[in-house]
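A.B. asks: Guided by the hints, dock chain V onto chain A, whose structure is given.
Protein chains: 2
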Amino acid sequence: MAAARGIRFYYDLISQPCRALYIFLEQTKIPHQKCPTALRKWEHTTPEFLRTVNRFGKLPAIVEEESGFKLAESIAILRYLSREHSVPDHWYPRDSRRRARVDEYLEWQHSNTRLHCAGYVRYVWRGPLRGEAVERQVAERLRLEMIACLDFIESNLLREDVPFIAGQDISIADLVAACEVEQPKLTGYDARVGRPKMTAWLQRVKEFTHPDYEAAHKVMLRFAPTVA
Amino acid sequence: MAAARGIRFYYDLISQPCRALYIFLEQTKIPHQKCPTALRKWEHTTPEFLRTVNRFGKLPAIVEEESGFKLAESIAILRYLSREHSVPDHWYPRDSRRRARVDEYLEWQHSNTRLHCAGYVRYVWRGPLRGEAVERQVAERLRLEMIACLDFIESNLLREDVPFIAGQDISIADLVAACEVEQPKLTGYDARVGRPKMTAWLQRVKEFTHPDYEAAHKVMLRFAPTVA
Chain A
1 MAAARGIRFY YDLISQPCRA LYIFLEQTKI PHQKCPTALR KWEHTTPEFL RTVNRFGKLP
61 AIVEEESGFK LAESIAILRY LSREHSVPDH WYPRDSRRRA RVDEYLEWQH SNTRLHCAGY
121 VRYVWRGPLR GEAVERQVAE RLRLEMIACL DFIESNLLRE DVPFIAGQDI SIADLVAACE
181 VEQPKLTGYD ARVGRPKMTA WLQRVKEFTH PDYEAAHKVM LRFAPTVA
Chain V
1 MAAARGIRFY YDLISQPCRA LYIFLEQTKI PHQKCPTALR KWEHTTPEFL RTVNRFGKLP
61 AIVEEESGFK LAESIAILRY LSREHSVPDH WYPRDSRRRA RVDEYLEWQH SNTRLHCAGY
121 VRYVWRGPLR GEAVERQVAE RLRLEMIACL DFIESNLLRE DVPFIAGQDI SIADLVAACE
181 VEQPKLTGYD ARVGRPKMTA WLQRVKEFTH PDYEAAHKVM LRFAPTVA
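Chains A and V, in that order, give the protein sequences. Numbering of the first sequence is given in UniProt numbering, commencing with residue 1 and proceeding in unit increments. Numbering of the second sequence is given in UniProt numbering, commencing with residue 1 and proceeding in unit increments.
Simulated from the structure, these hints should not be mistaken for laboratory data. One thing to keep in mind: the hints can contain errors.
Because identical chains cannot be distinguished in the list, a pair is counted as satisfied if it fits within a single copy or across any two copies.
[As the list claims (entries may be wrong)] Straight-line Cα separation of at most 20 Å, SDA-like style, residue types lysine to any residue; simulated pairs: (1) Lys70 - Cys35; (2) Lys206 - Gln168; (3) Lys206 - Asp161; (4) Lys29 - Gly6; (5) Lys41 - Phe56; (6) Lys34 - Phe49.
Chain A on its own, in the form it takes in the complex (with noise of 0.2 Å):
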């Protein structure tokens, strides 16, 4: 079924959404060809690009070969892709309220994790790369709500006793988790610093996803000031 099934995977590294993709993809052996899409050169905004990949204008995205179907948004795609394809059981549960654990943080993410360290990177770090001024009061709020939310996830979401996001398994929630929590890299804050739960699920993760989630992150890593 996977050979017939391939798909075209548009992404970019420094995005953590298409790092997550990646990661899945790579993990699960999905037969894809590599689309790689330049968000710097605005590649996801050409009219081409809306019309044949995804009318959001945003990567990830994906295009099966076979049919032409056309699918953004990366959560949206890596549950597509777990139906589809044959892919272990644990990435996205079978069993309902496992699954309904998984898809509970996916969604409080967008809103939490995301809104937060993707905010604080894209005024600190992206935003000066377009030229667009700084404020100091701004960018303190903003790294203030940041810390807030992953302290919360440090104190309310990881546990001891219970090695990834929605249990004891690694799911699709701990990818899309990871690759968030590793981009405010880019401005120079490393969310495993003072919080030692977050620092050994990122471990974990880290070795479970070997070597793909070191390649997902080599491109992001280049551009941190400090390297981790």
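C.D. replies: Only chain V this time, still in chain A's reference frame:
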């Protein structure tokens, strides 16, 4: 099955995701006990609520009567209930590609419809209720971001030949989208004005879910300067 799987439903109808879930529960007749929880009284953040209902301290949330299983995040709940109860297929289609199209909107909206509509309402309407100052320049920026997002939906997501967001049939994507798009009415902003496709689509959603749509929005519209 359903009778033995009743849930307790914690909600406040001033909240868009709560209204979407409220309409879904009424439409599908999933047995549930209504547990109104007042956001304005911070009832969603009491130690009791965090411990027994939702550790995230948010609404909506559900607790299964029999099993005690707790679940947060409206979209995770909508998916879970669609699996666990026998609900009409159109709400969350079993067909993989149709489901992916519903998921695509549901993931996209977090950083778009929800971020911008809720963000504007929070700053301009809820902030002052809590004694927070409103800076004209910030309000105007948020308003323009909301307008750009609503215009994108009008031009790119809604189509004259496709009655609902994800295709020919109404789905949970429409409930989530419609409840969000109604929210700016609290500030006197009507998303339908100048947007004929949005006007027609909202009317279809309202008619399909009558009278639950009206019941869900009654409380909110009482606070809106121009009752529509």
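A.B. asks: Have a look at Lys29 and Gly6 and pick one of within, between, both or neither, based on CA distance no larger than 20 Å.
C.D. replies: So Lys29 and Gly6 pass the 20 Å test inside one copy only (10 Å; across, 41 Å).
A.B. asks: Given a CA cutoff of 20 Å, do Lys41 and Phe56 count as a within-copy pair, a between-copy pair, both, or neither?
C.D. replies: within (17 Å within a copy, 38 Å between copies)
A.B. asks: Checking Lys206 and Asp161: alpha-carbon separation at most 20 Å within a copy, between copies, both or neither?
C.D. replies: within (18 Å within a copy, 47 Å between copies)
A.B. asks: Is it within, between, both or neither when you check Lys34 against Phe49 at 20 Å Cα-Cα?
C.D. replies: within (15 Å within a copy, 46 Å between copies)
A.B. asks: Have a look at Lys206 and Gln168 and pick one of within, between, both or neither, based on CA distance no larger than 20 Å.
C.D. replies: The answer is within: 16 Å in one copy meets 20 Å, while 43 Å across copies does not.
A.B. asks: For Lys70 vs Cys35, is the C-alpha pair at or below 20 Å within one copy, between two copies, both, or neither?
C.D. replies: Within one copy only: 14 Å inside a chain, 41 Å across chains, cut-off 20 Å.
Checked against the numbered hints given earlier, the structure satisfies every one of them.
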